[in-house]
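*Asks:* Starting from the known structure of chain A, arrange chain B on it as the hints suggest.
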Amino acid sequence: MSGTVSGTGSVTPEELLSAADQLLTGPVPGIGALWPRICALLIRLALEMTLDRFWTRALPAAVGCGMRQQLLLLPLYTTDLPTAPGLAREAWLGLAGAAHHHAYELGPTAAELRTWHTEVTALASLLSA
Amino acid sequence: MEERERSVAEILIGRLSDDNVPDQVAALILDAMHGNAPEAGVEKGEPAAAPGRVYLKSIAVEGFRGIGRKATLFLTPGPGLTVVTGRNGSGKSSFAEAAELALTGENKRWAERSAVWKEGWRNLHAPDPTAISVQLTEDGVPGTTTVTRAWAANAVLESANDSVWTGATELSLAAKGWLRPLELYRPFLSYAELGALVSGKPTSMHDAMQAILGLDLLTATEKTLTEARRTADGESKAAKQELPALLAKLAAHPDDRARLARKALEGKPWDLATLQALAVGDGAAIDERIGLLRQITAITLPAAQDVSTAVTRLSAARSAVAALAGTRAADARRLAGLLSAALEHQRAHVGEPCPVCGGRSLDEAWAVAAATSVEELTAQAAGADAAHTEQAAALRALTEMVPPKPAVLRADFGEEVDPAAASAAWDAWHVSASAETFDTLLDAVTLLQGVAAQAIRKRAEAWQPVAAHLAVWVQLAVKEQAATVLAKDLNKAVEWLRAVAKEVRNERLVPFARTSAEVWETLRQESNVELGPITLAGAGPMRKVTLDVTIAGVPGAALSVMSQGELHALGLALFLPRATAADSPFGFVVIDDPVQAMDPAKVDGLARVLSSVALSRQVIVFTHDDRLPAALRQLQLPATVLAVTRRERSIVTIRPVSNPVKRYLEEAQVLAKTDALSEGVRAVAVAGLCRGAIEAACVDVVRARFLGAGVPHAEVERLLDRASHSVQEMVALALFGDTRQAGDVPRRLKELGGQACMNAFWDAKTGVHDPRHGDLGRFISDTERLTKALRQ
Chain A
1 MSGTVSGTGS VTPEELLSAA DQLLTGPVPG IGALWPRICA LLIRLALEMT
51 LDRFWTRALP AAVGCGMRQQ LLLLPLYTTD LPTAPGLARE AWLGLAGAAH
101 HHAYELGPTA AELRTWHTEV TALASLLSA
Chain B
1001 MEERERSVAE ILIGRLSDDN VPDQVAALIL DAMHGNAPEA GVEKGEPAAA
1051 PGRVYLKSIA VEGFRGIGRK ATLFLTPGPG LTVVTGRNGS GKSSFAEAAE
1101 LALTGENKRW AERSAVWKEG WRNLHAPDPT AISVQLTEDG VPGTTTVTRA
1151 WAANAVLESA NDSVWTGATE LSLAAKGWLR PLELYRPFLS YAELGALVSG
1201 KPTSMHDAMQ AILGLDLLTA TEKTLTEARR TADGESKAAK QELPALLAKL
1251 AAHPDDRARL ARKALEGKPW DLATLQALAV GDGAAIDERI GLLRQITAIT
1301 LPAAQDVSTA VTRLSAARSA VAALAGTRAA DARRLAGLLS AALEHQRAHV
1351 GEPCPVCGGR SLDEAWAVAA ATSVEELTAQ AAGADAAHTE QAAALRALTE
1401 MVPPKPAVLR ADFGEEVDPA AASAAWDAWH VSASAETFDT LLDAVTLLQG
1451 VAAQAIRKRA EAWQPVAAHL AVWVQLAVKE QAATVLAKDL NKAVEWLRAV
1501 AKEVRNERLV PFARTSAEVW ETLRQESNVE LGPITLAGAG PMRKVTLDVT
1551 IAGVPGAALS VMSQGELHAL GLALFLPRAT AADSPFGFVV IDDPVQAMDP
1601 AKVDGLARVL SSVALSRQVI VFTHDDRLPA ALRQLQLPAT VLAVTRRERS
1651 IVTIRPVSNP VKRYLEEAQV LAKTDALSEG VRAVAVAGLC RGAIEAACVD
1701 VVRARFLGAG VPHAEVERLL DRASHSVQEM VALALFGDTR QAGDVPRRLK
1751 ELGGQACMNA FWDAKTGVHD PRHGDLGRFI SDTERLTKAL RQ
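Residue numbers (this note's numbering), protein chains in the order written: chain A, 1 to 129; chain B, 1001 to 1792.
Accuracy of the hints is not assured; some may be wrong.
Stated by the list, open to error - Straight line, CA to CA, 20 Å or less: simulated EDC-like cross-link-like pairs of lysine to aspartate or glutamate:
| hint | chain 1 | residue 1 | chain 2 | residue 2 |
| --- | --- | --- | --- | --- |
| 1 | B | K1458 | B | E1495 |
| 2 | B | K1492 | B | E1062 |
| 3 | B | K1673 | A | D80 |
| 4 | B | K1673 | A | E112 |
| 5 | B | K1268 | B | E1242 |
| 6 | B | K1544 | B | E1495 |
Claimed, not checked - Chain B residues, not near chain A, derived (Cβ > 12 Å throughout):
| hint | residue |
| --- | --- |
| 7 | K1240 |
| 8 | Q1449 |
| 9 | A1471 |
| 10 | G1680 |
| 11 | G1688 |
| 12 | S1726 |
| 13 | Q1755 |
Hints were generated in silico from the structure; no laboratory data involved.
Built from N, CA and C at the ideal position, the CB exists for glycine as well.
Isolated chain A, as found in the complex (with noise of 0.2 Å):
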């Protein structure tokens, strides 16, 4: 994905992730029928910034890079985290269809957003160690 080096850095992901877990969980008001969409939005914004963050350490230069780009690399720069890759793959293929203006497919149901939640949870807490 594009974007510039975070510099103020005010939302983490972790805070992206917690409010998708909001809309998961109950009923958000003001959001309405809205829920799903805006949940696997934000679900795949912590997705990106995730990365964003882990490859401002790990490789500067990755920063700009398309996502599947970023998909290439980030095995070579996890050698000690063989999970995180898998995670990272999975959970992009589901959020770019349900989130992207591409997405000629069906909203996402609940258990589908639980399962991206998971792996992008625990892929944040894999790259941010």
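*Replies:* Structure of chain B alone, referenced to chain A:
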């Protein structure tokens, strides 16, 4: 379907030669087929060239159906779902009908309606000008293709002026190779067609299904053949049906011809030659009685004048003979001989006494007297001979004037004619030929001939109507012989066609059955109906659709158990696989009002089905209520929803209800006001949605731009996919058609929409990672301005 389907015509022609169908039967089938598919290239059986995939760009309607002033429905060419909503009578269906009519020249909803129904095709408020046109884009063809049908002020529906233009090139639909695919894939489905599956008779359900499967040609050909067979059957029975009446008439008729006609009708085959002769001849050659009567009328007798002359001659001869009464010619001749001998003796013995009597001496005085006596006696004998000869000649002449009595006078005519008097008169004449007996004969014969002529006339008068009837019947019988042969051939043709049709049909059903089952699985929702194999069974009036339907676990259930909505869903499940067949050149599907009878759960299913079809096809759905758009909103399925409204005077307007761009912005607005989420989360999420809105706008612009330039759809999707990792590259693709000009994006955006636009772009691009805690509302409105600038 991986391979291009062979057309029905191709399959039939192939099978005709494979199956060794007799020539005359094959000719009947080909004739019937040709009559039903004049444009389908039946003789050649060649497929049309496969054109590039075609998408709808706009449908323009003017003065047609519910639309008065020209209204244009703009569509985004390429895959995606467009729902056109409008209340009943808003004119939305007019667009669907116009598209179908413009491209196929007919409309299924009207096709089977009466003339009265068809009369309403012109708009009441603005009947002139009347024109419909469809703009399409074709893969690999730059520019757009416009198909127009326009009508002159008084023209009837069928006499439109059609034109098809691609850029500056005019090509007919046939030349574009679209006619056959339009028939085969039928990318139009109307509510009426869905309904025909349900409300109609089993046969019309079968036919509708055939139509959906593109097997119209089979049905139409079979129909033509069975109708021809019915006509031939009728003709082959007409003579038989008319026979009892004819026989009754003949039995009641006294004429010998009637008897002969009945005899000719006894055997099989009928003796048509004799019957024909009886019907047209005068009957003399066939009926003995008429021959005899004609013999009577043919009798000729001499003229009374000639007979009278002959009678006079005879009486004169008789008078001459009577005058010789007492004189005997033989005596006179013998006496003359004696005297002649005595005279000779006297010349030698003059004066001597008579040697016979010894008395008087034979002197000169005696000799003179004796010579005179010899002369007198000789003349007397000659006169008597002549009178007798003349009498005999006169009598012979008279008798020969009248021929011998004709045999016909001895015949028995019953009461009709009595020749006895004439016969007796003839006999009397022969006994005594006289003026009297001739007069009697002439009178008797003349009277008889009058009666005979009358009898002939009467018979002719009585026979005439029978003869006419017979002549008509003979024609029927001649036709019947030809019709019987034809009916047999037609029967073979129908049987063969039905057998082949059954195979073709069920073969064609296989690839669809799977997809149908999938569609049904999505559509059925709470329905407890399970769909098994589908077959088209039976023939002629017994033809029907057999669906292996399991309801609540009970197999073999009747279709009637299904609800209207279920049947409509089923219709759709059958339609979609065909219209979206892989080898169809048409990338669009137009569906008019599929929602009507469906319950809410099924509408959800429909929304999912249409969305999944919209992944690879341009799906345009017309619907009169908002349940489908509502289902799409609820399920968060991407769709462009357009609302058609019709004001007074048939002025129709169309406005977008929401499109992906708008939806992102609406969602962003909702999110911006959601206090339940932290400010930071809201800022990041709003930036993400604004980025989504910009990207969605780019997708629209890029698709329109590249597809319009003739770039194949797959290539456009590839370009979009490659640019999708960077919003800046997406915008570059939209603005310049080239991602390498990404660096020029900010400058160009500033030119197009000012500083606010450029700010919105930067915020959307970076805000997801580095959120700005400024005015989110303004960020969203600036983004909206940006998306508008992009789409200019």
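*Asks:* Looking back at the numbered hints, which does the structure fail to meet, lowest number first?
*Replies:* The structure breaks hints 1, 2, 3, 4, 10, 11 and 12; every other hint is satisfied.
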